[in-house]
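**Student:** Next come the chains, spelled out residue by residue.
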Amino acid sequence: MTTLIVNGMEHPLDLADPRVTLLDALRDRLGLTGTKKGCDQGACGACTVIADGRRILSCLTLAAQCDGREITTIEGLESHPMQDAFMRHDAFQCGYCTSGQIMSAVALLGEDRAGSDDDIREFMSGNLCRCGAYSNIVAAVREVARHA
Amino acid sequence: MTTIQQQPRILGPGINRVDGPLKVTGQARYANDFSLPGMAYAAVVRSTIASGRITRIDTTAAEKSAGVMRVITHENADHLAAAPATFIKNPQAPLQDDVIRYHGQYIGVVVADTQQNATAAARLVEVEYELHEALLDPHDPRAERIKDPWGEDTAWGDVRTALKRAPVMIDQTYTTSENTNNPLGLFTTLAAWDGDTLTLHDSNQWPNMVQMVVATMFGVPEDAVRVLTPFVGGGFGAGLRCWSHIPLAVMAARHVGRPVKLELTRPEMFTGLGHRTASFNWIKLGATRDGRLTAIEHESLTTLSMEGDEYEPCSSVSCSAYASPNVTTRDQQVKLNIPWTNFMRAPGDSQGNFALESAIDELAWEVGLDPLEIRLLNYAEVDPKTGRPWSSNALRQCLEIGAQRFGWSRRNPEIRSMREGHELIGYGVAGVSFFWYQQPCSAKVIFRADGSAYVRSAVTDIGTGTYTIMAQLAARLLGLDVEQVEMQLGDSEMPAGAAAGGSGLTAAVGSAVHDACGRLVQKFVDLAATDPFSPLADVGIENVEVSEGRLYRKGDPTRGESLARILAVHGLDELAADGSSTPNSPDELGMTPAGARGARFVEVRVDEDLGRVRLARIVTVNDGGRILNEKLARSQILGGTVGGIGMALFEDTVTDMDTGRIANATFGDYLVPVNADMPDVHIEFVGEPDAFNPIGVKGVGEIGLVGVAAAVANAIFHATGKRIRSLPITMDMLMD
Amino acid sequence: MREFRYERPTTVAEAIRAVSEDPEADFLAGGTTEVDLMKDGVFHPDLLVDITRLPLRGVRRNGTMLQVGALTTMEELAADRTLMERAPFVREALLLGASTQLRNMATIGGNLLQRTRCRYFRDPAVAACNKREPGSGCEAVNSVARMHAILGASRDCIALHASDLAVALVALDAVVHLQSEQEERSVPLTQFYLMPGDTPDRENVLRHGELITAIDIPLPPEGIRSTYLKVRDRASYEFALTSAAVALTMDGSVIMDARVAMGGVGTIPWRGFEAEEVLRDAPATPDTFRSAADGMIHDTFTVPGTAFKVELAKRTLIRALTEVTS
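Residue numbers (my numbering), protein chains in the order written: chain X, 1 to 148; chain W, 149 to 884; chain S, 885 to 1210.
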């Protein structure tokens, strides 16, 4: 039995089939569908979650590897100022990449990498936004970083 | 009553998206977020040749694989009826024969208890083919060509003579590569039969279209099929047809007698949903020595799949952009063994504009005119094709204001004259005259006794903001706060909706909502008229206004009643009205629908040794008619700009000419812009409410993309002296 | 992805034994290449031995050597103060090598083993791939290949080694420590990778069941001038078209010592011994740099899509050299 600690809750999981990725476990087993699958191959960032304090891609992480690790998903954010800033700056359109963008942006603050717009752009480049909200994402992150 | 015509051009700076709270918390549910009890998972099998027949397909190993419930191929598939067309053909039902028409075509589907088992088993299906030579080269003389495919070839004046006599001529070929829409959301269909009724959670841009096509294919009445699309993870045109994975999921669900979820993978998104055509544009411009156009000839060739259908009139842009007494435009398509070509954000316009705006730029250099000046010199004050006035057109303002914001006057006119370190600096401009396509649409508006109102239409919000702006519009028209109004959409059972495509949805559904609100107010007036005690008993609709939930006599807010009170007096819980819209006829109105207009100003930095191009800044000024929510409209232009950057510098769907396989069908290999590619972007709206539809909008979902590529290419020429006539522009083209 | 078994032993010895006993088993670390290849359907282990929790993580300075546990993540190594001060170009290679999410997952040992991005290798719909199916041919050679190798390549294989980090590390003569059931051994990174030759399926000297336990990075002398220049279409989050790792020891305007390696060009991370020879004791002038570039890039094998990389690679190296010496 594998135990995932997701958003502070322990979830025992039967992973008889170890092919289940963390992303699939979150979405299909735990019903936490806020984390999105955009490419399933580590090239878009839509599945970004925070594991033991660091942002990772849940699509290339096997669920079994996360036994006992603390995972935070978009559902685990409690009214984070980043969410409000994303709304005010219209930092999304279709909304599909948004969970990953926000998780990445929240982690970015912890990495202390939001000092300049260039840094924000570079360190948010692992999250594709096909609707093209990039400038607004930078504006949202910049604002939260300044007030942090 | 309160009319939209009395409202300002820009209805305020714009509120936040009403669906924002759901999207920033991960609660907005897309098709692949839904699950049903007993649900099975499907994985597709795709052909690995581009042309031929299946001679043997062996599913034994797949069927024995863990958790597999069913493997369906052409040998045991249901026979489905022909797929009906909308304004364009839909793909015919999959698995109906053994013929392979493109690499990546669906040849089977595996249904299993888990996604992992389905995906693994799909790889175990063994296929043998009789291989035919595939037609993959657009210039292959054996490939069938369709001339004038839409009956839109145009000619006026005498282009041949005008070109012969023109003192200055530009004669060039401009090409654009195939691009893939690649919305981030993986298109998914969750199909659930209940007896003879079917429910689909599906990614698309037009629920009623999916409903109609699926009902026809499976021989059930349309009202037996319900399509739910409350959210879709982007579309950019990819959701405007009923692609083959949809009937595949429906068929699979019928075979296994339980709900089936079919989620495409990213590589499957490249072959299964269509992609932007490659285009070849042959342009001849004739002009006087001072740069006045005397002739435009624009011919285009675009790619088409073997059984496909596509509307990409690249040459049409040359009918409306500039005043020229002699114009010929012709389009052709060439049929190839490639996956379906399909609409992608600004189809036709984006490719044709790159060609025309590059050619105009070449002409400017040829005659020694400022590229901005030549565009103003040849400005089309009226529709050059018909001589009719435009329904509205602020292209001149776009160019003039854009030039001001950009600082165009600081441009040194010489090529290779501006540099900083290793980098050559160039300024480029492009103008945009964009067409849009409006469809019929209907909507219902309901006002409830508790003061809440609902707007319903079976449309989708693909990120364009339909949820928000329709709530705003209805609130304005009914005199309510926006918080009181909820827009409901994405359900085929709602009043028939238009496609979220062709930049026409806001006009279509907005006009329907406008109509419905007018009718609803009329109903309130009529009700009040039956109540002798009502202060409104004797007024007609032309003499009332609504605000803050109250209906009152024009000019005297004290004499009126609240909508809620009118309902209460008559013992009603709610009052509803239906509205509809149909596109106006240019002939009846005596004007040409102008569509949105725009201008792009771009500063590029080109590393002289390495050929690397970086965009420093973009000024994009657009005439979108009335802007219902400036914040969201700006986002549409920003998104279009990013799409334009992708088209200009990165995006290229590469086909292996040996096999017809798409060689770069992943996000690691097919490059779309990332955050670090972003220049500073300045966005501005100009113009007036458009006269062509009652709410005065033009639609701004696509125009932002158009013109970026040409402005980039023109700036690169200014920087380097190199004229690049094909997209995308990559560093190998710019290394000396 | 085919079914497989998953184990997570708690000691290095157990992990090595588990993999050694099963010819179809493999170690699993960050998974960023391995799980990706399994999803592509071109890698089918029947046992994955998760080593991520083995005590092989951390960075330690030992005199002039930086000892890096194989399971240290890219992000952790990039944050190491000594690396930042003494070999900043290695840090640059790390930061330019992947997104932050991937850097938090990918380990240093795993990064050195990352497989090519060649889409002909990674797509099972492609029949001919000598790297995947020895003897089947190479379809990439006859097709559209842009992100492919021009050095060490042949008609049999043009797959590119895509690591940025490995490029920087071969320049510094890093040493890889390997452990198997039979022995522990150390291999210089410059001898770790194998040229494809007739066996493109064999990419390095690792034997089945052998585990990378650590990487020693010899610290260059203080005061070197270095850079990792990565040239690509996008501004970020993309593999290199060309890249150059350059570390020079200068005396005034004369180059005393040089370390040079390039990425984006070779079937393996390409150390520029010849270029270093040209640069050593030479004045930092454009002529010197051009000669070094000619010494770096020769005997190329190109296809139409990669032909431009010959000159691009030279200019990349010249630019890197120019930047660090000006």
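No lab work stands behind these hints: they were computed from the structure.
Treat each hint with caution, since some may be false.
Said to hold, decoys possible - With a Cα cut of at most 20 Å, we get these calculated EDC-like pairs of lysine to aspartate or glutamate:
| no. | chain 1 | residue 1 | chain 2 | residue 2 |
| --- | --- | --- | --- | --- |
| 1 | W | Lys237 | W | Glu370 |
| 2 | W | Lys870 | W | Asp518 |
| 3 | W | Lys870 | W | Asp757 |
| 4 | W | Lys870 | W | Asp884 |
| 5 | W | Lys870 | W | Glu568 |
| 6 | W | Lys483 | W | Asp285 |
| 7 | W | Lys671 | W | Glu641 |
| 8 | W | Lys671 | W | Glu736 |
| 9 | W | Lys432 | W | Glu300 |
| 10 | W | Lys533 | W | Glu736 |
| 11 | W | Lys779 | X | Glu143 |
| 12 | W | Lys779 | W | Asp629 |
| 13 | W | Lys212 | X | Asp17 |
| 14 | W | Lys312 | W | Glu514 |
| 15 | W | Lys212 | S | Asp930 |
| 16 | W | Lys779 | X | Asp17 |
| 17 | W | Lys483 | W | Glu514 |
| 18 | W | Lys212 | S | Asp1117 |
| 19 | W | Lys870 | S | Glu1195 |
| 20 | W | Lys702 | W | Asp686 |
| 21 | W | Lys870 | S | Asp1117 |
Said to hold, decoys possible - Negatives, chain X to chain W, calculated, CB over 12 Å:
| no. | residue |
| --- | --- |
| 22 | Ile5 |
| 23 | His11 |
| 24 | Asp17 |
| 25 | Gly53 |
| 26 | Gly68 |
| 27 | Gly110 |
| 28 | Gly115 |
| 29 | Val141 |
| 30 | Glu143 |
Here a beta-carbon is modelled for each residue, glycine too, at the ideal position from N, C-alpha and C.
**Student:** Look at each hint and say if it fits the structure.
**Tutor:** Consistency of the hints with the structure:
1. W:Lys237 with W:Glu370: Distance of about 18 Å is within 20 Å: holds.
2. W:Lys870 with W:Asp518: 17 Å, holds
3. W:Lys870 with W:Asp757: 14 Å, holds
4. W:Lys870 with W:Asp884: It holds: about 10 Å lies between the C-alpha atoms, which stays within 20 Å.
5. W:Lys870 with W:Glu568: 18 Å, holds
6. W:Lys483 with W:Asp285: Status holds; Cα separation ~10 Å.
7. W:Lys671 with W:Glu641: 24 Å, violated
8. W:Lys671 with W:Glu736: Violated - the C-alpha atoms of Glu736 of chain W and Lys671 of chain W are around 29 Å apart, more than 20 Å.
9. W:Lys432 with W:Glu300: Distance of about 19 Å is within 20 Å: holds.
10. W:Lys533 with W:Glu736: The given pair, whose Cα atoms are some 17 Å apart, holds under the 20 Å limit.
11. W:Lys779 with X:Glu143: 17 Å, holds
12. W:Lys779 with W:Asp629: 18 Å, holds
13. W:Lys212 with X:Asp17: Cα-Cα ~17 Å, so holds.
14. W:Lys312 with W:Glu514: With a Cα-Cα distance of about 17 Å, the restraint between Lys312 of chain W and Glu514 of chain W holds, given a limit of 20 Å.
15. W:Lys212 with S:Asp930: 18 Å, holds
16. W:Lys779 with X:Asp17: Distance ~47 Å between Lys779 of chain W and Asp17 of chain X Cα, so the pair is violated.
17. W:Lys483 with W:Glu514: With a Cα-Cα distance of about 37 Å, the restraint between Lys483 of chain W and Glu514 of chain W is violated, given a limit of 20 Å.
18. W:Lys212 with S:Asp1117: 46 Å, violated
19. W:Lys870 with S:Glu1195: 18 Å, holds
20. W:Lys702 with W:Asp686: 13 Å, holds
21. W:Lys870 with S:Asp1117: Holds, at about 18 Å.
22. Ile5: 18 Å, holds
23. His11: 17 Å, holds
24. Asp17: 6 Å, violated
25. Gly53: 20 Å, holds
26. Gly68: Given that every Cβ of chain W is farther than 12 Å from that of Gly68 of chain X, nearest at about 23 Å, it holds.
27. Gly110: 18 Å, holds
28. Gly115: 15 Å, holds
29. Val141: 10 Å, violated
30. Glu143: Holds, because the least Cβ-Cβ distance between Glu143 of chain X and chain W comes to about 14 Å, which exceeds 12 Å.
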